[in-house]
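Chemist: The lines below spell out each chain.
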Amino acid sequence: MLLRGIRKSKWYKSPAVPWLPQDELQADALGDLSTSSNILSVWLINEDKSNLEEVVAALASNRNDLTNFDYAVVSLKDVLNAGINVKDVGGETADNHANEHWHRNLEELTVSHLVSLARTIQGSGQIKRVTQKKVALWIRRNIESGQLDSTRIEQRILSKARSVN
Amino acid sequence: MFENIQNPMISVYPAGIAGVVVGANRAVAPSGIEPIVSVGLGTYTPTPPSSPTIGSGTLRGIGTELIDVMKRLYWQASDEVFEDGVESQFSRSLLDLLAKYGAIAVSALAKLVTDARANEEISAEALRWIGLMDDGSTKKHRLWLLERSLSSPSARIRDGATLGISFMDDPGAAAGLREAIESEQIGELREDMKTALEELGPA
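Protein sequence lines correspond, in order, to chains A and B. If you read the first sequence in our numbering, its first letter stands for residue 23, the second for the next number, and so on. If you read the second sequence in our numbering, its first letter stands for residue 13, the second for the next number, and so on.
Keep in mind the hints are simulated off the structure, nothing from the lab. Nothing here was measured: the structure is a model prediction, and the numbers come from that model. All residues carry an ideal CB built from backbone N, CA and C; glycine is no exception. Hints should not be assumed to be uniformly reliable.
In the DSSO-like style, the derived pairs of lysine-lysine whose C-alpha atoms are separated by at most 27 Å in a straight line are [claimed, not checked]:
no., chain 1, residue 1, chain 2, residue 2
1, A, K150, A, K35
2, B, K152, A, K156
3, B, K206, A, K156
4, B, K123, A, K156
5, B, K152, B, K123
6, A, K155, B, K151
7, B, K83, A, K155
8, B, K206, A, K71
9, A, K150, B, K206
10, B, K152, A, K155
11, A, K35, B, K206
12, B, K152, B, K112
13, B, K206, B, K152
14, A, K35, A, K109
15, B, K83, B, K151
These stretches of chain B come out as covered by chain A in the derived footprint (C-beta under 8 Å, 3 or more residues) [said to hold, decoys possible]:
no., region
16, 72-86
17, 96-107
Make the full structure from the sequences, and use the hints.
Modeler: Next comes the structure, spelled out in structure tokens:
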């Protein structure tokens, strides 16, 4: 599976968004698929989600403050079937293991690819929220195990991760 | 008008009702709602002329100017793409205002968050960040705005409020969340509210 951090409320569908036609997505959802040089950063998640905690902790610890983490996961097969180029490229978080093993770039993306990806998220993907408290626990566990390099994490995140019950 | 009255005060109440209470240190509206902020006219000191330039010597003047500043922040933020936990020019400016002007800035923000014409994504972002703030002097006011926003007609604002409440982690918000859960029509948002309530713990 491939994971992308998103903001859940952008992906609310009809009738949650009263003006939105059935089977449509809010335009803001594409903001969660913002590319640079036509590349989109995603993370590979094992089918049994055994590395989900590792990846979420890595991504959440890469921010300025400790909050919830919303994400979407889609099938790698669906992405490949959409003609999207998936490349194994190192990531840039405080977790070197995650950076080496789980980061992927979706490359040479077109507008059609992005729309297709958005539709895949909408259709067969899963959209989930990890709460702030759970994120804090996961970050703390991964720091204690040595997986996350605390010197690369903002102090605000570190202190909140330490103080969560 | 106030020559013979000791410590006359102007108060701003959560519903935006201005009230004048004289000769008391605690101003209470007829309905029993406590004011967001009360300023004794006899002791009021204009805010310093640092940026942003706010403060024309009256509470109403400051409130109006702050609302104008907030509107400008919203306008400037209209092209920003927000990401959970990632600071933005908007979040930094907003928190700076709240830190400088306290409860009256929360009141000014409330004007926009409750205005259906204001950008709901920006309002939702604001609610997240006021939940993350660590400032005891405005805690009550921020929590008030978050709880009030649970009944916003906008699902995004209700979600932002739910997150802001979860970040504040104040069991006092439990009642507001329970009420919101009862009336929430969107299944996934209702589940997120329930999770937030569970994680608040006992009141």
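Chemist: Run every hint past the structure and note whether it holds.
Modeler: So, going through the hints one by one against the coordinates:
1. Proximity of K150/A to K35/A is assessed by CA-CA distance (about 15 Å); at most 27 Å being required, the pair is judged to hold.
2. With a CA separation close to 25 Å, the supplied pair K152/B and K156/A stays within the 27 Å bound.
3. Distance restraint check for K206/B and K156/A: the Cα-Cα separation of roughly 15 Å lies within the 27 Å cut-off, and the hinted pair is therefore satisfied.
4. Pair hint K123/B plus K156/A does not hold up; C-alpha atoms about 33 Å apart against a cutoff of 27 Å.
5. Distance check on the hinted pair: K152/B and K123/B sit about 17 Å apart at the alpha-carbon level, within 27 Å; holds.
6. Restraint check for K155/A and K151/B: the C-alpha separation of about 20 Å stays at or below 27 Å, so the hint holds.
7. At roughly 33 Å between alpha-carbon atoms, K83/B and K155/A are farther apart than 27 Å, so this suggested pair is violated.
8. Of the pairs offered as hints, the one joining K206/B and K71/A holds, with about 24 Å between alpha carbons and a cut-off of 27 Å not exceeded.
9. For the given pair, K150/A sits about 14 Å from K206/B by alpha-carbon distance, which is consistent with the 27 Å threshold.
10. A distance of roughly 22 Å separates the Cα atoms of K152/B and K155/A; the hinted pair therefore holds under the 27 Å criterion.
11. For the hint linking K35/A to K206/B, the alpha-carbon distance of about 20 Å falls within 27 Å, and the restraint holds.
12. Between K152/B and K112/B, the direct Cα distance comes to roughly 16 Å. Compliance with the 27 Å bound is thereby established for this hinted pair.
13. With a CA separation close to 22 Å, the supplied pair K206/B and K152/B stays within the 27 Å bound.
14. At roughly 31 Å between alpha-carbon atoms, K35/A and K109/A are farther apart than 27 Å, so this suggested pair is violated.
15. Restraint check: the Cα-Cα separation between K83/B and K151/B comes to about 23 Å, which is no more than 27 Å; the hinted pair holds.
16. Check result for the region 72-86 of chain B against chain A: violated, 0 residues qualifying (beta carbon to beta carbon below 8 Å, three or more required).
17. For the region 96-107 of chain B, the stated coverage by chain A is satisfied: 4 residues place a CB nearer than 8 Å to a CB of that chain, which reaches the threshold of 3.
Taken one by one, the earlier hints fail for this structure at numbers 4, 7, 14 and 16, listed in ascending order.
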